[in-house]
Every structure is written in C-alpha cells, then in structure tokens.
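S.K.: Quick one: dock chain against chain with the hints and give me the complex.
Protein chains in written order, with the numbering used here: chain L, 1 to 603; chain Y, 1 to 108.
Check the hints yourself; a few may be wrong.
Claimed, not checked - Here are some chain L residues pointing at chain Y (derived, C-beta under 8 Å):
hint, residue
1, Lys14
2, Gly18
3, Gln20
4, Gly111
5, Leu115
6, Gly117
7, Met118
8, Ala124
9, Glu466
10, Met470
In case anyone wonders, no lab produced these hints; they're calculated from the structure.
Everything numeric in this text was worked out from a predicted model, so none of it was measured.
All C-beta atoms, glycine included, are put in the ideal place defined by N, C-alpha and C.
So the chains spell out like this:
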Amino acid sequence: MNGPKRALPQPLSKIPTGIQGFDEVSRGGLPRNRTTLVMGRAGSGKSVFSLQALVNAVRRRREPGIFVGFEESTRQIAENAAAFDWGLAALPKSKLFFLDAHLSPTVVQSGEFDLTGMLAILKAKKEEMGARWIVFDGIDVLLTLLQDPIAEMREIYRVRDWLADNELTAIITAKLDGHTSEVAPYGFMQFMVDCAIRFERRLEHGVSVHRLQITKYRGSGFAAGEFPLGIGPTGMEVTGPEPTEIKHEASTERVSAGFERLDSMLGGGLFRGSSTLITGAPGTSKTTLAGKFAESACRRGERTLFVSFDEGADAIVRNLSSVGIRLKPYVKSGLLRMYSGRTETSSPDEHLIALSALVHEHQPRCMVVDPLSAMAKAGGLSAARAVASRLIYMVKDNGVTVVTTSLIEGDNPEAEATELQISKIADTWIHLSYLVRSGERNRALTIVKSRGTRHSNQVRELTLSETGPMLTDVYTAGGEVLMGTLRWEKEAEEIVRQKQRRADFDHKQRELQSAEADTRARIQALELDLQRKRAELALYSRDDEARTLSSTERDDDLRRMRSADPVARAATAAAPPLVKRRVARGSGNSGRKKTRREARNGP
Amino acid sequence: MGRKRAKDKVSSPEIETVVVLRLYISGNAPNSVRAIANLEAICQQYLKDGYKLEIVDVFEQPLRALADGVLVTPSLAKVSPAPVANVVGNLSDKRNVLLMLGVEGNVG
Numbered sequence: 001m002n003g004p005k006r007a008l009p010q011p012l013s014k015i016p017t018g019i020q021g022f023d024e025v026s027r028g029g030l031p032r033n034r035t036t037l038v039m040g041r042a043g044s045g046k047s048v049f050s051l052q053a054l055v056n057a058v059r060r061r062r063e064p065g066i067f068v069g070f071e072e073s074t075r076q077i078a079e080n081a082a083a084f085d086w087g088l089a090a091l092p093k094s095k096l097f098f099l100d101a102h103l104s105p106t107v108v109q110s111g112e113f114d115l116t117g118m119l120a121i122l123k124a125k126k127e128e129m130g131a132r133w134i135v136f137d138g139i140d141v142l143l144t145l146l147q148d149p150i151a152e153m154r155e156i157y158r159v160r161d162w163l164a165d166n167e168l169t170a171i172i173t174a175k176l177d178g179h180t181s182e183v184a185p186y187g188f189m190q191f192m193v194d195c196a197i198r199f200e201r202r203l204e205h206g207v208s209v210h211r212l213q214i215t216k217y218r219g220s221g222f223a224a225g226e227f228p229l230g231i232g233p234t235g236m237e238v239t240g241p242e243p244t245e246i247k248h249e250a251s252t253e254r255v256s257a258g259f260e261r262l263d264s265m266l267g268g269g270l271f272r273g274s275s276t277l278i279t280g281a282p283g284t285s286k287t288t289l290a291g292k293f294a295e296s297a298c299r300r301g302e303r304t305l306f307v308s309f310d311e312g313a314d315a316i317v318r319n320l321s322s323v324g325i326r327l328k329p330y331v332k333s334g335l336l337r338m339y340s341g342r343t344e345t346s347s348p349d350e351h352l353i354a355l356s357a358l359v360h361e362h363q364p365r366c367m368v369v370d371p372l373s374a375m376a377k378a379g380g381l382s383a384a385r386a387v388a389s390r391l392i393y394m395v396k397d398n399g400v401t402v403v404t405t406s407l408i409e410g411d412n413p414e415a416e417a418t419e420l421q422i423s424k425i426a427d428t429w430i431h432l433s434y435l436v437r438s439g440e441r442n443r444a445l446t447i448v449k450s451r452g453t454r455h456s457n458q459v460r461e462l463t464l465s466e467t468g469p470m471l472t473d474v475y476t477a478g479g480e481v482l483m484g485t486l487r488w489e490k491e492a493e494e495i496v497r498q499k500q501r502r503a504d505f506d507h508k509q510r511e512l513q514s515a516e517a518d519t520r521a522r523i524q525a526l527e528l529d530l531q532r533k534r535a536e537l538a539l540y541s542r543d544d545e546a547r548t549l550s551s552t553e554r555d556d557d558l559r560r561m562r563s564a565d566p567v568a569r570a571a572t573a574a575a576p577p578l579v580k581r582r583v584a585r586g587s588g589n590s591g592r593k594k595t596r597r598e599a600r601n602g603p
Numbered sequence: 001m002g003r004k005r006a007k008d009k010v011s012s013p014e015i016e017t018v019v020v021l022r023l024y025i026s027g028n029a030p031n032s033v034r035a036i037a038n039l040e041a042i043c044q045q046y047l048k049d050g051y052k053l054e055i056v057d058v059f060e061q062p063l064r065a066l067a068d069g070v071l072v073t074p075s076l077a078k079v080s081p082a083p084v085a086n087v088v089g090n091l092s093d094k095r096n097v098l099l100m101l102g103v104e105g106n107v108g
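Next comes chain Y alone, as it looks inside the complex (with noise of 0.2 Å):
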C-alpha cells in the first residue's frame, strides 16, 4: 500500500522528517528483547537520528496499551507522519518493517 509513497520518499533527504515510533513489549518475554534488537538495527541503518522511540511496557502500562489499541506484543506503532500505521511481531522481517516507515532499502 505504501510502495508509491515510499519511492516519492527516496528523493526527500532522510534526516529531515523525523519519525515518531512507539513500540509495546512486554517485559522481557523473547519476542519482545528481539523486537528491540531489530528495531534498534532497522533504525540505525535507515533512519539514523531522524526518529524518536518510545517503549511501553505493556506489563506496567497495561490500561495504556489498551487505550492505545493493543493487543499483542511486541507491536510497533508509527505515530507521525501520518499515516499512522501498525506492525506487529519481532519485526525479524525487515522488509515489511521499512515499508511501513516509508523506507526503501536494500534489504539483505
């Protein structure tokens, strides 16, 4: 849904938009540690600085999460710029993970 968008992308310079996430983990459950790991590579490598990343621990902020509308962890939430748009999982496939960030990369 986002490929158009995300070619158009390609010719802005990436550091200039800067790309609010959010992502709900629960504790230390698996998924979750890997969550982090990827999401900590998938930003370094194609957003640099030009994010901001919020982690909500669901197993502390349980009625946050609900009002947020989620269900399962770990889930990634793109809060700006709009659209906003959801990834759930440990976000292991890197590819859907950029589409959503309007990224294109050279995946692999």
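Okay, chain L solo, but in the shape it has when bound (with noise of 0.2 Å):
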C-alpha cells in the first residue's frame, strides 16, 4: 500500500468485510485493492452490502472510506442505513465520506461528459482523508445519460485505470437487466474487475427468496454455488456453506429422549449432540413427544429452545399441559424458551437466521423444532431442504441435542421419505401411525433408525395420558398387530387362556400322576409275583434234583436185581430225565433254563 504506484503484481490478500458468512463463502473478504463488481436487480441488496463492508471496514479495521451514491442521495441512504444498528450517523464524516453523486433532475444535459473532473475530486478526498476504501453505488444511472455503449465503456475503463492507480479496495455496484439475468450493457465489467458478486432476489412459490453467488474470484478460490442471504437488524446475513467436512463431536453421552420406555426402545436415550427426526401423521403426538423431550431436558436443568412454527407458544404449553408435560415453570424461568414462527411470512432463510440467532442468544443444549416440515410451506422445496439441514448442522455444530418433527401424510415413512429428506441427516428417526381397527385409531410407535445404538425393531403402541405418553407393548396375532381395545380384548383373552392352560396342565399332571402310581403298583405287584415266582421254581427244581437222583439210584437197584448188563443200558441212562425234563418246562422258564443246563451236563 506505501510501495510505488502500480507495483509488481503482489500475492492477493484478501479483506474481511464482517459480514457474517459473506467472509466464509469468499474465502476470506475482499480481494484488497482491487475492484469487486457486485450485481443485482433492484432491491437485491447490493447497496446494503456494499454499504456494509464499507462501515465495517471504517469501524473494525479503522480504514477510511468513500461512498460515491449515483442512485441516492446521501440523505436517502442515511435514513435507509439508520434500520441497520451501524451506527452510521455516529462515524465521522472524515472517516466515512459521502459523495452525492446522483444528478439533480434540474440538470440538463448538453453533449457527452466524461468522469476525469469526479475522479480527479475523488482523488484529491482521498488523500485528504487517507481513504482505503471506495463504493461506486450505481455507477451506471450516471451513465446511460452518455447515451452511448462506447462512450460508457470508456468511461468504465477510466474508473478501473483510477482504481489502480490509487490502490483502493472498491465496490462498484450495477444493475442487472429487468429481464435478463445478465448485466447486459455491462457484461464487460465482469471481465474488467478481480471479483464479481451476483446477488438475486425471486419468487419461489410465492415467497421471497434471496440468495447470493459470486460468479467470478480472480486468483482465489470461492464457495460456489447460491447462497442464502438475509436482511436483519444487524445487515447482511449471508448464511455460509457447512464445512465439507463434518465436525461434529460424537458423544456417548445419552440423554433422555422424554420417558423411561422410550429410552430402553433406543438402547439408552439419545446421543449428546445428535439430531433426532419423528415423522407421522397429523395428530400422531409428534408435538407431545418432543413436548416430552423438552420438559425432560428442563427438568435436567438444560437450557432449551422451543421452536414452533404456525402455533402459538401459549397454545403448545397449554396443549402439552393436558397430557401431563409442564412447561410453563421453565418458562417462567427462563431455562426454557418458546419461538413461534409464522411460516409464510418469511422464507426459509430468513426463518434460518432467525432461529441461528436464537440459538447464539440463547444457548440452548436441548432444542425443539416443531414441524420442521412448515418451513417447505415457505418458498420452493428444494430451498427448504437446504435450510432445514443447514438448520440441523448449524445445531449440531453447536452441540445441541435436537428433536424436529416432519408431518408426513399416509403410514409408509419409507415410501415417503420426508419431503425434506432431512432422515438422511438425522441421527435418530422415530415414526409414529396410525393403526385403525374395529372403529379405533391408535397411536404406533417404531423406530426406523438409531445411529450407534442398539434400537428395538418392535412397534409399540403409544399412548397418552394425564401423566404423559406411554408405549405399550402390542399384540401380534396372526400377522397382525393388535392396539387399543383390540389388545386390551387380547389380553383379556390371553390371560382366560393362561388360566386355561395351567387349569388344563394342573388336570393333566395329575392324571398322569394317577397313571404312574398305578403303574408303579402294577410294577410292584409283578415284582413281588415275580419274587414268589423265583422262590417257588427254585423250590421245584431241588425237589427235582432230589427226585432225579433217587431215581437214578432205583434203576442201578433195579439192575442190579434183574442181573441185566448196566453197561449196554447206560447209553439210555440220561433218558428218564428227558421225559422229566418235558415236565419241568410247564412249570417255567427259569426251570427250563435249569434243565437245559443239565441236559448239556447230563452225558
């Protein structure tokens, strides 16, 4: 800046304007001393940031500056700044200078001008006051009166000869044609300067949108892509990129996500810091469970922010109130504060940053949005879901639990996604049904989806009373899942048929026990049969020995009398014990047994 007059080409440094995301979405500011276009249609906010980067710029980094107005008067802009909390009428007019260069209607004109006079006056402000910066806001209503593109665009190639040789960080803002998207009689500016900013300003379904991409960074790189810009107190809000890296920590922390059941289903509760999505139906208690959630939370003595949109704060507290969860005292404290948005009256975005200031505002560790799905109502779709995940990683990067709930009309939350497929970000995914049966509609619980934790797959049925919401275990019969008075009719059955059943067990053992003490009679009795039995063969069968011998012994006396030759006989000595042995066999086996045994040792 010291060094010589158009110096060798320096490394590009880059200026923080201190406008919050803008700064983020260029990598660092503007490039210094060098010229930024900033294009626009009417009303799109380019003398609003040109304005504001010039303030900061005055304010924080104590760089004086010029604000050269072609459209407004200086008093014009004054009032129009004053909405902003600048404190612009505070600064010094030798820190911040206003140059009234919008032609008085009185003026007439007579042949072509030319800028060298301004510029030469500019100059010499400049050095007067050691101005750095420079704003030429709407350069181009002084010079249509040239009448002539080419005389237009020299004098455009003047202003950039001048910026270079002042070394001035400039902003030239221009209009963009009504109708065309391109800056039609100043195409050639793009060309011109280091870096372009487009800002656009349109109607998607009705609402307003307002976003903001820079088309063009000479030697440097930039976030590409729109934008989202809003307007607030505080000025420009540009809402950055998400890092393309995701930081959040992953906490094993658990909190509650509202009531003990709830939590056993999810393994423990909710992670620290996790984002968690309950779709359903309309009156599925959606609102009651985050109610839950956020009662739970203030009841630990987090801070927790409420977010509701299209119902009133008073109106959700007194809702809640009647299934039993108590907000009002956390209210009263403070620890818990309510939001209600009106949907329709702001687009996304803007919903975006006014929830991203709450969230700075307040501080909250738990927070609830309910029904994140009312933020597609305003404005397009796909603007929707950019801010309501953008909504979700702002959260989490602050570490706040949050619980959002999305209306999904029809039963399959799989089919249906959400709309604004926020299920892929979110952590936890908590779908609730209806269930109509025999003229009853009940309440489902499932959890779809759990990151890190071991979930129930089972559905339970949920639901509510003066003490809060509770889930029930529910009925499968015959592939079917039974709630309400269904279940209540199963149970009563399953507990008739439980009695039944041990009724019928109890009739069975006893029977059976009957059986087996007879059989054990039985068993005993033929034991002792059996024993008599023993008793009596062996009783027999010495009888026999004894007679066989005796009448053995009557044979040799026999023979021994009639003098016959005992030798030929003996052959058919074992003979009589054969036809014996034929009556030992009647009298049962052990006796045959016996008597084979002596057959084989007879001879």
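M.R.: See below:
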C-alpha cells in the first residue's frame, strides 16, 4: 500500500468484510486494492452489502472510506442505513465520506461528458482523508446518460485505471437488466474486475428467496453455488456453506428422549448432540413426544429452545399440559425459550437466520423444532430442504441435541421419506403412525433408525394419559398388530387362555401322576409275583434234583436185582430225565434253563 | 421549464443583464476542450459582452469543485441571474445551453 503505484504483482490479499457468512463464502473477504463488482436487480441488496462492508472497514479496521452514491442522495442513504444497528450517523465525515453523485433532475445535459473531473475530486478527497475504500453505488445511473455504449465503456475503463492507480479496495455496484439475468450493458465489467458477486431476489412459490453467488474471484478459490442471505437488524447475513468436512463431536453421553420406556427402546436414550426426526401423520402426537423431550431436558436443568411453526407458544404449553407435560414453570424461569414462527411471512432462509440468532442468544443444550416440515410451506421445496439440513448442521455444530418433527401423510415412512429429506442427516428417526381397526385409531411408534444404538425393532403402542405419553407392548396375532381395545381384549383373552392352560396342565399332571402311581403299583405287584415265582421255582428244582437222584439209584438197584448188563443200558440212562424235563418246562422259564444246563452237563 | 421565461427575455435588451457563468473542466480532456470552444461560440453569438465566465479546472481545484457540488466535467453553472442552473456535457447541444441561459436564438 505504501509502495510505488502500479507495483509488481503481489500475492492476493483479502480483507474480511465482517458480513456474517460472506467471508466464509469468499474464503476471506474482498480482494485488497482490487475492484469487486456487485450485480443484482433493484432491491437485491447491492447497496446494503457495499455500505455494510464499508462501515465495517471504517469501524473495525479503521480504514476510512468514500461512498459515491449515484442512485440515491446522501440523505436517503443515511435514512435507509438507520434501520440497521451500524451507528452510521455517529461516524465522522473524515472517516466515512458520502459523495452525493446523484444528478439532480434539474440538471440539463448537453453533449458528452466524462468522469475525469469526478475522479480528480475523489482523488483529492481520498488523499485528504487517507481513504482505503471506495464504493461506486449505481454508476450505471450516471453513465446511461451518455447514451453511447462506447462512451460508457470508456468511462468504466477510466474508473478501473483510476482505481488501480489509487490502490483502493473498491466495490462497484451495477443493476442487472430486469428480464435477462445478464448485466446487459456492462457485461464487459465482469472481465474487468477481480471479483464479481451476484445478488438475486426472486419469488419461489410466493415467497421471496434471496441469494448471493460469487461468479468470479481472480486468483482465489471461493465457495461455488448460491447462498441464502437475509437482511435483518444487523444488516446482511449470508448463510455460508457447510464445511465440507463434518466435524461434530460424537458424544457417547446419552440424554433422555423424554421417558424411560422410549429410552430403553433406543438403547438408553439419545446421544448428546444428535439429531432426531419424529415423523407422522397429523395428530400422531409428534408434538407431545417433542414436548416430553423438552420437559425432561428442563428437568435436568438444561437450557432448551422450543421452536414451533404456525402454532402459538401459549397454545402449545396449554395443550401439552393436558397430557401431563408441564413447561410453564420453565418458561417462567427462563430455562425454556419458546419461539413461534409464522411460515408464510418469511422465507426459509430468514427463518434459519432467526433461529441461528436464537441459538446464539439462548445457548440451548436441547432444542425442538416443531414441525420442521412447515419450512417447506414457505418457498420452494429445494430451498426448504437446504435450509432444513443447514439448520440441523448449525444446531449440531453448537452441540445441541435437537428433536425435529415432520409431517408425513400416510403410513409408510420409507416410501414417502420426508419431503425435506432430513431423514438422511437425522441420527434417530422415530415414526408414528395410526392403526385403524375396530372403529379405533391407535398410535404406533416405531424406531426406523438410530445410529450407533441397538434400538428396538418392535412396534409399540403409544398411549397418552394425564401422566404423559406411555409405550405399551402390542400384540401380534395372525401377522396383525393389535392395539387399543383389541389389544385390551387380546390381553384379557390371553389371561383367560393362560388360566385355562394352567388348569389343563394341572389336570393332565394329576392324571399322569395317578397313572404313574398305578403303573408303579402294578410293577410292585408283578415284582412280588416274580419273587414269589422265583422262590417257587427254586424250591421246585431242588425237589426235582432230589427226585432224579433217587430214581437213578432206584434204576441201579433194579438192574442189580435183575442182573442186567449195566454197561449196555448205560447209553439210555439219560433218557428218563428227558421225560422229566418236559414236565419241568411247563413250570416256567427258569426251570427250562436249568434243565437245559442239566441236559448239557448230563452226558 | 424556462421556455416561458425565455420568451419574456426576448423583449428585454440582451446587453443589460450580465450573465455570470462558471465552467468546470478537467485539464485538457477532449470534452473539456470542446466545451470551452462551444461555450465561447455561444456566448459570443448570443450574449455578446453581457456575460462573465470563470473557468475552474477541477484538476487544480478539486475540493472547490466538490464544495460546489460538481460531479462530472465539463459542467456549466449559471451563477446569476437566478435561477441557478447547470448543464453537463461538452455543450455541443446548443439548444439546451440557450434554454438555460434564457436566450432564445435561431439554432442552426
């Protein structure tokens, strides 16, 4: 800056503008000592952007600047800027100088003119106050008076050369043609400048969406794409790109999802800093679940933010108290902040900016957005989608545990997913549905997913009472899930059936017991019989032995008496026992065995 | 705007009113050079000696030009008689200059 004019090319240095979000999108701000072209249609925020960058430079960097307004008088600009909290009026003229370059309508034109005089004046002023910044706001207004494109171009180049000679960080604003999106008369300006920014304000589904896009940045990278912006009391705020790398800390701490039964279904609760999506048809008590979560957070003493759309905060507090969820004391103590937004009045971007301001202001640990799907009502779906995911990322960046709800018409969460497609970035997805049967409508709760958690895969019935929501096991009968009265009936039926079964069992048991006793008695009797028979047999066989012995002796005596040949008859000597054996067989097995042994041993 | 007044002026003698003019130029930029030539021609033709002309070079007195509210050059200001009026440009369109000066002449 202190070097000679038209110095050797220096590495590009950037100056932060201090406009929230823009410095991230541009990766550092505007190019120092270079020219930036800001394009856009009327009312797209060109002047606000330029003036805010200038005011920030003066205030934060103590770099004086000149604002040359071709479109509006200095007074108009001051009035417009008074809407912002910049304290413009308090800035001394020696630091921020406004040159009223808007031609009075009484000025008559005669022939061609040029900007040499104006630039000479500006140069003198710049040197007088040591200005480092300059804004040419609406230079086209003056140049169109030339009515000669070549002359206009010549003057633009004159300005460019002047800026290069004077080492000023410059912003030139130019209006875009109403119909085409090109800077019709000044297309060449984009080639001339080092950085070009385009503002766009258009209607999408009846809601105005406001966008900013960097179309060119010589010698520098920048975040490509359109970024939403909003204009609030602090001026312009750009919603910057999400960091490409996700750097949320993954906590292993669990926080209650509201009540015990749900926590156990979730394997212990929600992870701190995670995001949860509750989907469901209207009236499936999404808000109740979200309210229960908020209440339990408050009970732990954590700062909580409850954002609702299209339903007043008071109404929500009242409605939730009917199911035993008491938020009022926490609202009073300031622990819980309720915020109710009306979707149609603002674009999703504006909601996001408001919510992000609320998060910074209230510093919540837990947050509810009910319903997030309301955002889709305002403005285009794609815009709402982007905003919804930005919101979740923003909240997660702040380590806030967030529960959002989303309306789904119908029963199948997978098929319909969510309009906003936040199910992808939600860590936990709870789906609530209705089961209509037997003239009843019952609520069913399913956990579709829960990252990093062994969650239950079962459907539970969600019942509401004065003590709050409860989860009840459901019955499945014949592949159908039973709830409500059917569940109750089934429960009663089951109890009766169980009693019946017990009675049957007892009966059968007794029957079997008596049969067993009977059998045992029979076995005993048989055993006795057996013993008796054995004894009998033993007795019988001893008697038989004695008899056999005596008959043999008798035969021998007979032979001796008849002087028969005892040797010749000896072969048949065994025969008489055979006859005896037949007799023995009739008396039982044991007898037979014995005689067989005797027969073998006999000869 | 000044047409009616211009008509009034026709009846009064031209020489009696002295017109005070101030021309802001920027060095010898082509438009500035041309403006001086154009203005001198107009003045000689229509105002004769009844005018005073001051030429301010913005290159030399930029802050004065700023104070006078001059933006673009060349720029001609009629300081008196009232009303104060301005013409910007190299004054090649004689008619507008004459209207401002309150002189009706046969253009061309």
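S.K.: If any of the earlier hints don't hold here, list their numbers in rising order.
M.R.: 1, 2, 3, 9 and 10
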